[in-house]
Amino acid sequence: MRHILLGASAIALAVACSPAEEPSSTTAPQVDADGIVDYNFDDSFRQHLETLSSDEFEGRAPGTKGEELTINYIADHMQSLGIKSFTNDRYTQTVPLVRINPTKVTNMSLQHNGETSTFEYGTDMTAWTKRMVDHVDVQNSEMVFVGYGIVAPEFGWNDYEGLDVEGKTVVMFVNDPGYATQDESLFNGNAMTYYGRWTYKYEEAARQGATAAIIIHETGPAGYGWGVVAGGSPAKFTMKTDNNNMHLVPVEGWMTGDAANALFQNVGLTLEEAHALALSDNFAPVSLETTASLSIENEFSFVDTYNIVGYIEGSKYPEEHIIYTAHWDHLGVHEETGEIFNGAQDNANGTAAIMSIAERFAKGPQPERSVVFAFVGAEERGLLGSAWYAENPLLPLEKTVAGINIDMMYAHGPTRDFVVVGWNNSDIQDYLAPYVEAQNRYLTPETNPEAGIFYRSDHFSLAKKGVPVLYGKGGVDHFLLGREYGQAQASEFLANRYHKVADKYDPNWDLRGNHQDTWLFYRLGEELANSRAWPRWAEGNEFEALRLESEDQRK
Numbered sequence: 001m002r003h004i005l006l007g008a009s010a011i012a013l014a015v016a017c018s019p020a021e022e023p024s025s026t027t028a029p030q031v032d033a034d035g036i037v038d039y040n041f042d043d044s045f046r047q048h049l050e051t052l053s054s055d056e057f058e059g060r061a062p063g064t065k066g067e068e069l070t071i072n073y074i075a076d077h078m079q080s081l082g083i084k085s086f087t088n089d090r091y092t093q094t095v096p097l098v099r100i101n102p103t104k105v106t107n108m109s110l111q112h113n114g115e116t117s118t119f120e121y122g123t124d125m126t127a128w129t130k131r132m133v134d135h136v137d138v139q140n141s142e143m144v145f146v147g148y149g150i151v152a153p154e155f156g157w158n159d160y161e162g163l164d165v166e167g168k169t170v171v172m173f174v175n176d177p178g179y180a181t182q183d184e185s186l187f188n189g190n191a192m193t194y195y196g197r198w199t200y201k202y203e204e205a206a207r208q209g210a211t212a213a214i215i216i217h218e219t220g221p222a223g224y225g226w227g228v229v230a231g232g233s234p235a236k237f238t239m240k241t242d243n244n245n246m247h248l249v250p251v252e253g254w255m256t257g258d259a260a261n262a263l264f265q266n267v268g269l270t271l272e273e274a275h276a277l278a279l280s281d282n283f284a285p286v287s288l289e290t291t292a293s294l295s296i297e298n299e300f301s302f303v304d305t306y307n308i309v310g311y312i313e314g315s316k317y318p319e320e321h322i323i324y325t326a327h328w329d330h331l332g333v334h335e336e337t338g339e340i341f342n343g344a345q346d347n348a349n350g351t352a353a354i355m356s357i358a359e360r361f362a363k364g365p366q367p368e369r370s371v372v373f374a375f376v377g378a379e380e381r382g383l384l385g386s387a388w389y390a391e392n393p394l395l396p397l398e399k400t401v402a403g404i405n406i407d408m409m410y411a412h413g414p415t416r417d418f419v420v421v422g423w424n425n426s427d428i429q430d431y432l433a434p435y436v437e438a439q440n441r442y443l444t445p446e447t448n449p450e451a452g453i454f455y456r457s458d459h460f461s462l463a464k465k466g467v468p469v470l471y472g473k474g475g476v477d478h479f480l481l482g483r484e485y486g487q488a489q490a491s492e493f494l495a496n497r498y499h500k501v502a503d504k505y506d507p508n509w510d511l512r513g514n515h516q517d518t519w520l521f522y523r524l525g526e527e528l529a530n531s532r533a534w535p536r537w538a539e540g541n542e543f544e545a546l547r548l549e550s551e552d553q554r555k
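According to UniProt numbering, the sequence shown is numbered sequentially starting from 1.
Among these hints, one or two may not hold up.
DSSO-like, lysine-lysine: derived pairs with alpha carbons at most 27 Å apart [as the list claims (entries may be wrong)]: (1) K399 / K465; (2) K363 / K84; (3) K236 / K104; (4) K316 / K84; (5) K316 / K555; (6) K399 / K500; (7) K555 / K65; (8) K316 / K465; (9) K555 / K240; (10) K363 / K399; (11) K399 / K84.
Derived from the structure by calculation, the hints contain no laboratory data.
With the hints as constraints, model all of the structure from the sequences given.
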């Protein structure tokens, strides 16, 4: 990749050449003594970050005092700026949630040729339901191997072809054929597509009418060990729906690779041979000549959380809009120790960034298109706030120009690299590139696309509805101290502070990198809000076809 270093004067040129109204002097680039371009976005960013991640906010968990404080803090800020609300003076959109706690899950009983065997819950398999029912009972359900469990017309792939799965338990591999083969011409090669995510596989099994969907766990393609699957909380949060989630597959679950190997042996296959079969051109679903039985008992609790959504109305095209998203929630207070999960980097800094961006838009010229600021809740529970917004948008998604998501910016100082998560998924990064280069920085793809991180933050809820989105952040190539230093800082955060009580605000943090990134997000949104551009998904992307269905509504 060619790294073009342009400097501060080029930012002024890039902004001036954009279709936006002529910017005020406050948008002119600043350079500090270390040569860091755009080292300061505003003076309130640090204050917002410190406040939101303070002990007073108790970790910002849904349904707590910390949530109430967060709502009021953000709402008061937007109200003071004259930012409009779609709903009320607190800018809230109610997100109804249900917590489904399995009080009892039996082992999985298997029948093959008149013989009974057992997969032990937690050791060999795990299972749950997201249906709002007291009891799920699966009895003698035929188990069928469906390869990767994928139906992807754009890739000419249908693992369910010719199969009626009603009443059956489908068994499938995690990830997708591109990762398995490392063939760049197959799916997206090493980079995971949504078809590789476990969430997709359960959704597809539900569409097909299966009784249960069990994914085979392998550490490489999953991106995490069995302990992550088996050791997590059995309780699941989901959105409360009018049909009590009866559209979902009755039983979702995982099994270990060893358990799957034993299952495949019932039909004379090994796990490795099953992999080869799933990748073959003539794959057809395989009955495993085994039936499965298990039962689940549930208890429920209900809680409402909230998205906090404000907007600046466009002067010419008010329905057309750019939407900024950041999740305000974190993990709250440790139930046993009482320690607070402050969530400074995850995601008080992203929330602070959008608060600062909203202020700059509010104090600047009115954009031609509307700009929406969506502080979404329950991200830590499974992207539920953004999913609710995507199902219940406050402006039509067909008129959403682009989504810009800010989640977990590193606080280790300015970096030369800006990492795009979901490299070349759309042409949004092409709009961003001149602003990145003008900061003497370069765009780069994520280093582990096989992990599917693109599908694990709030922008994805919009992507699933066809909206082109950007998710990116400063990387590890530290502007002054080099890549080794930056990598060590990022690794230390992920190992010792991510989703731990140690993710606390530090007044000594060098936030210049966060300020640079915030400028990028602002300038991208400002350009799109003052142009007739409509970013597009890359040809063949899994979300392109959905976007094209509403093409006639965008002129």
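Comparing the hints with the structure gives:
1. K399 / K465: 12 Å, holds
2. K363 / K84: OK: K363 and K84 at ~14 Å, within 27 Å.
3. K236 / K104: With Cα atoms ~14 Å apart, K236 and K104 stay inside 27 Å; holds.
4. K316 / K84: 17 Å, holds
5. K316 / K555: 13 Å, holds
6. K399 / K500: 39 Å, violated
7. K555 / K65: 45 Å, violated
8. K316 / K465: 25 Å, holds
9. K555 / K240: Violated. K555 to K240 sits at ~36 Å, over the 27 Å cutoff.
10. K363 / K399: 24 Å, holds
11. K399 / K84: OK: K399 and K84 at ~18 Å, within 27 Å.
Of the numbered hints listed earlier, those contradicted by the structure are 6, 7 and 9.
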